[in-house]
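Engineer: Here are the chains, one letter per residue:
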Amino acid sequence: MAEFSMNSKDFFTALETDQLIGSHCLDCGAMVVPQRGICPRCLGSNTEIVSLSGKGTLLAFTVIYVPSLMMAQAGYDAKNPYCVGVVKLDEGPKISGQILDVDVSQPESIQIGTKLIMTTIKRGGEENEKTYLGFRPV
Amino acid sequence: MSESKWNRGVAVVGVGLSKFGAFKEKNSRDLFVEAYLDLINSMHRYDPKKVEAFYLGNFSSDQFEKQAHLAPILASWVGLSPIPTVRIEDACASGGVAIRQAALAIASGQYDVVLVGGVEKMTDLEIAAVTEALATAADTQFEVPAGFTFPGFYAAMASAYMHEYNAQRDAFYHVSIKNHSNGALNDKAQFGQTIRSIMESKKARAAQKGRPVPEWEDEIDFLSDPKGNPMIAWPMTLFDCSPVSDGAAVALLVSEDLASTFTDTPIYLVGSGQASDGALPERETLSSIPAAEEAGRQAYHMANLSPKDIDLAEVHDCFTIAEIIATEDLGFFERGAGWQAAIEGKTARKGDHPVNTSGGLKSKGHPVGATGVGQVAEIWKQLNGIAGERQVPGDPKIGLTHNVGGTGQTCVVNIFERRDLNG
Ligand SMILES: [Zn+2]
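Chains D and U, in that order, are what the protein sequence lines are. Residues in the first sequence are numbered from 3 upward in steps of one, following the working numbering. Residues in the second sequence are numbered from 1093 upward in steps of one, following the working numbering.
The hints are simulated quantities; they were obtained by calculation from the structure and are not laboratory data. You may find that some hints are simply not true.
To be verified - Heads up, incomplete: computed chain U residues facing chain D, CB under 8 angstroms, no partners named: (1) A1197; (2) A1220; (3) A1238; (4) G1239; (5) F1240; (6) T1241; (7) A1247; (8) A1248; (9) M1249; (10) M1323; (11) A1325; (12) D1369; (13) L1372; (14) L1378; (15) P1382.
This one's a predicted model, so the numbers in the text were calculated from it and none came from an experiment. Beta carbons are placed, not taken as given, at the ideal position from N, Cα and C, and that holds for glycine.
Okay, chain D solo, but in the shape it has when bound:
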């Protein structure tokens, strides 16, 4: 993973090629996402960038009817709500992302514990297009 640095920007650079990166502590073994130069568990600075599987489990979620500006620009509103959640990756750490392909018309039907796989989402239109992390059920 030498092509990516610990700078936060590189997390999104990696996403552009569908890679989810994090960091691994060479001292205590802790895995962290996004990647960081300092291990939050042992506080050491002996960390390396690793590629993660993108597989995980839904821990918490919401279906949003009053969107953020970015999501409103992506076409979401009260009639077209979207799901976001916190996902526990199989490698251990957790991360937030939009959850696609779940029944947002019935939030009660969305199950915590659902197995998910990462995907990437382009938002921002042609001029400001950026790649974001998302998940969908396996």
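Add chain U with the ligand to chain D, keeping to what the hints say.
Structural biologist: The following block gives chain U with the ligand in isolation, referenced to the frame of chain D:
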């Protein structure tokens, strides 16, 4: 004060509040002056020349009003220049942290008399812009890009809480109903109507316009109907969310030995704690707020008190789920028991653990920087027995404030005590 490093005690000798609401004609300094005048009127012997420093809790006047560097402006506007001024920003906990920082400055011996203010003027911006400004209190690099909004964060915590404890959604509505019933007795409240009166006025409006009148049986029925109470971020509805507000609050803090020179009815800051945390994905749990539990632990320890000693609490109910979680983080109820306690009325004014007698953020309003200071004003009134119709029974002596920034990246807990002169 077991193991406290505080060199001396700190007292609150006066409080002031502006009305909370949406005020087109007022800016931050106007609201602050209104609260400051209320403080002067509340005090027996106030001498502005004795004020040595001013600590201001303010989240983002830069974004809301295009005015940064607000603290010296406000001090000047009430004639306090050239005392040193500091603006403190810890998102929605700015006010509570300002109280704590002022107390630490007094406890250190640096100052004897410190004025604490909190203010936010939020309603000048369009609602979408307000939402964007508030989102900057979250992690804008890695959480906001997921599509989260602030109601969304707390809604996700609610989903984890409901899943873990099999909690019923009605519990959230009970928090809203209770806080509005308290706020209806608070003349400073932004939405000082009971949910029942809001429901009845919606019915009346429908009848007036010749539309079919909704057949809501009671408040829960009304709140469960998306036509009366639209979904914002499942499971948080409109009536689960605190409003966008303008308002200001002030408190005068002095060293304990000087309290009687300002007032006959001081209350004492006997415990204080503060903690921080990362964004939601960095936490072990999503069904509690670890920083709140830690801040509470520190405050209880310093005060040598336990949760059962707390006669009433003002907690940070930015969303109804936040109040339920707060009552567990602060140890009033066991983990997973807070939702049931809310349904059973245990947090009502006459319950075992009165919470948010002011109406809370939900009904009183949530002018972000003012909130934590406003909580102290309510505790002051309740401990001094001057809360009028919303006075909690039983001569309360110990009150707690719990103020959260973001989704729990900051939490500050302060505990206050009234001491009777005859011991
Ligand atoms: Zn480590």
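Engineer: All hints are to be evaluated individually against the structure, with a verdict given for each.
Structural biologist: A quick look at each hint next to the structure:
1. A1197: violated, 30 angstroms
2. A1220: holds, 6 angstroms
3. A1238: Nearest chain D Cβ about 4 angstroms off; hint holds.
4. G1239: For G1239/U, the interface hint holds, since the closest Cβ of chain D sits about 4 angstroms away, which is under 8 angstroms.
5. F1240: Check passed: Cβ of F1240/U comes within 5 angstroms of chain D, closer than 8 angstroms.
6. T1241: holds, 5 angstroms
7. A1247: holds, 4 angstroms
8. A1248: With Cβ-Cβ at 4 angstroms, under 8 angstroms, it holds.
9. M1249: M1249/U check passes; min Cβ-Cβ to chain D is 7 angstroms, inside 8 angstroms.
10. M1323: Holds. Min distance 5 angstroms.
11. A1325: Cβ of A1325/U sits 5 angstroms from chain D, so the hint holds.
12. D1369: Constraint on D1369/U not satisfied, violated at 11 angstroms.
13. L1372: holds, 6 angstroms
14. L1378: Hint holds; L1378/U Cβ to chain D Cβ min 5 angstroms, cut 8 angstroms.
15. P1382: violated, 14 angstroms
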